[in-house]
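Taken in sequence, the protein lines are chains A and B.
In terms of our numbering, the first sequence is residues 1 to 193.
In terms of our numbering, the second sequence is residues 1 to 314.
None of these hints come from the bench; they were simulated from the model.
Glycine included, C-beta positions come from ideal geometry on N, C-alpha and C.
Mixed in with the good hints there might be a few duds.
Not the full set, but computed from the structure, chain B residues with beta-carbon under 7 Å of chain A [what the hints assert, rightly or not]:
#: 1; residue: Arg28
#: 2; residue: Ala31
#: 3; residue: Ile37
#: 4; residue: Gly132
#: 5; residue: His134
Straight-line distance between alpha carbons at most 20 Å, and here's what the computed EDC-like set of lysine to aspartate or glutamate pairs gives [as the list claims (entries may be wrong)]:
#: 6; chain 1: B; residue 1: Lys68; chain 2: A; residue 2: Glu167
#: 7; chain 1: B; residue 1: Lys44; chain 2: A; residue 2: Asp119
#: 8; chain 1: B; residue 1: Lys39; chain 2: A; residue 2: Glu15
#: 9; chain 1: B; residue 1: Lys44; chain 2: A; residue 2: Asp12
#: 10; chain 1: B; residue 1: Lys39; chain 2: A; residue 2: Asp119
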Amino acid sequence: MSETNAKVVCMDAAEIERSLTRIAHQILESNKGLKNVALVGIVTRGDLLAKRLVQKLEQIEGVKVPLGKLDISFYRDDFATYFSPEVHSTEIPFDIDGKTIVLIDDILFTGRTIRAALDALMDIGRPACVQLAVLVDRGHRQLPIRPDYVGKNLPSSLDESVRLFLEEVDGETAVEVMRIQAGQRAGSAPLNR
Amino acid sequence: MGFNHKHLIDLREYTADEISLILDTAERFRAVNERRIKKVPTLKGYTVVNMFNEPSTRTRSSFEIAEKRLSCDSLNFSGSGSSVEKGESLHDTVHTLCSYKIDAIVVRDRHAGVPQKIADISGVTVIDAGDGKHLHPTQALLDLYTIRQKYGHIDGLQVGIVGDISHSRVCGSLIPALKIMGAEVTVIAPQTLLPARPEVLGVDHVSSKFDEVLPQLDVVYMLRIQQERLEGAPFPTLREYNMLYGLSKDREHLMKPEAIICHPGPINRGIELDDYMADHPTRSKILDQVYAGVLVRMAALYLLLGGAEDGITA
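One chain only, chain A, in its complex shape (with noise of 0.2 Å):
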């Protein structure tokens, strides 16, 4: 037992500082510029990735693209079994008709939020086509979906939580691995912690 509250940081500050820079540069290659591109995050943390990675675009590019932020709750698949009550804003302040949509996550596990995501965007608008971004991808798909961009690959095991901390929300920006401990869920950080 004496492991279970070891926690490993697999990114430090500096090092997500980079990886987001070099996302920044692959999505500006890949989309020949920003031209009709948008970029969502995912509430709770990967739209406060694409609030930086969007001034990282403007610092490049120097164009400032549409930013908006969803919530997936409403899309779930686990209502039954897994709720947390709490439902954060969706705050797309442009329309996604015809656009280019960079998804931004946080952690790529299961893809079962990216499909959520998919779904939710969806019933916003229709998009010309929808690219996704993540810092981590730890691995353990149980759907047929894939990253266009990713800041880091790290193969985890199941009994390890992945999670993202930042500044803004959690004090220090760092990401970690731990052991999960009992009745915990190997999903986001929640808030506050």
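Knowing the structure of chain A, use the given hints to seat chain B on it.
Chain B alone, transformed into the frame defined by chain A:
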């Protein structure tokens, strides 16, 4: 925060944080209702029975819309024209409905206590949609939502409820809910429309003088004179009631500039409200209340059924 309620019957069992969570969730559903696709798949595969044993237009239709926009299947059942008229007991009716593997029952009944009885015997989630002169929790929630939408908060507001206090199930839920949320509540009515001991209401002030109280109110909540529930002539004529307790144009100068008017509907125009006040472009929130009804009912269904894996019981 958690939300561990199975039923929505008595709001006195809810904390201010839990009521706020329902209102916050309703706010998220407002965003859904303002999209082109006003529907989410959340309750796909769930079945809700709307058991309305008493006439209702807005409560019933807004529950139905809420259910459709959450993608659940609903069955409308009414006492009249059913086996209830053949003498089936409530107990048997409920067990029969539950044999269809339903997840929730929304109950409107003319007898107080029926929703609680169904909750006790059925094992499924029960939402009280108005029982007798007792409770009407979703009405109270939509009122709170409307008031919060206007002022951004509920605590500290002066709310006056005017009219037939003693026959009102709206009061039965709204007064405790307003107190939980920190409002100061005054009821205004002739003695004959108040309970014999008004202190049972749990309000801050009781008055029979509308014109004295009106200038202090942030929210003027007009109740319907329920002509079907009046016994023993509580006031001489409707005209006299209207002159003393009706909110009409000639009382507007007594109101705070920002004060709003709410009414649970349906309105008796010319009795408790005149056309000018009922249709007032800034003060009247009556149609906002109707819209809020869909939002809070979606929120209630969402929160009550979420995580309720064992909610399917016969």
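Check the structure against each numbered hint from earlier and tell me which ones fail, lowest number first. 4, 5, 6, 8, 9
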